[in-house]
Structure formats: C-alpha cells, structure tokens
Amino acid sequence: MAVQERLTVHVTDAPDQSRYEARVDGELVGYTEYRHHDGTTMLARTEVPEELQNKGIGAALARFAIDAARKAGKQIEPADPFIAGWIERHPEYAEMVHEKAVRLGEED
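Numbering (UniProt numbering), first residue to last: 1 to 108.
If you're looking for bench data, these hints aren't it; they were derived computationally from the structure. One or more hints might be untrue.
[What the hints assert, rightly or not] BS3-like mimics (lysine-lysine), calculated; alpha carbons at most 30 angstroms apart, straight line:
1. LYS55 with LYS74
2. LYS71 with LYS100
3. LYS74 with LYS100
4. LYS55 with LYS71
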C-alpha cells in the first residue's frame, strides 16, 4: 500500500481575484473561487492540478474557505462539487451550509 505524500500548504485570500489560493514553497498549487452575497459566501470552483491531487491541497482550501466564512459571520453555498463532497466527509462543517443550499441539494 502506497503512502500518500502530504504537503505543507499555505492558503491566503486573493480578494482582487475573488479566490483563496493555496501555495507550497511559494508556488501556486490550487485555488477556490468565491462570490460573497448578503450573509453567504458561494464557493464556486476548486482547481488543483491532477498531479497534485490527494495531497491535502483541496482539503486545506476547503477548511480555509469555510473558516473564513465563519469568521465573517456568513454561511456557505457549496456550488463546487469538491467542496460539497468534502463537507459530506466532514460533518462538523455541515452547520456552515446555508439552508437554501441544503434545500436545493435535496431536490436533485
């Protein structure tokens, strides 16, 4: 069984680009795009290069994005399938999902 390498990921807000950026050793390795609305933050899309997937980059972005919304007193709308799936695997973050987003997801 192969051991998956985890990277030391630093995530920051890049508000001029409306995204959270993940960097390893100063190099951009992924991002999550967001849109702020009244009371919510929509997490629209997460991108991590295929060769860097499953190394904790997406998880670092998800945690940072949701924690940033919490600090701002907002809930999230997980429009991005990666973020929605991540929340399903981490139910301690489920309370951060806006009720409208939950209702829309139940209709599918």
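Status of each hint after checking the structure:
no., hint, verdict
1, LYS55 with LYS74, "holds (28 angstroms)"
2, LYS71 with LYS100, "holds (20 angstroms)"
3, LYS74 with LYS100, "holds (13 angstroms)"
4, LYS55 with LYS71, "holds (26 angstroms)"
No hint from the list above goes unmet by this structure.
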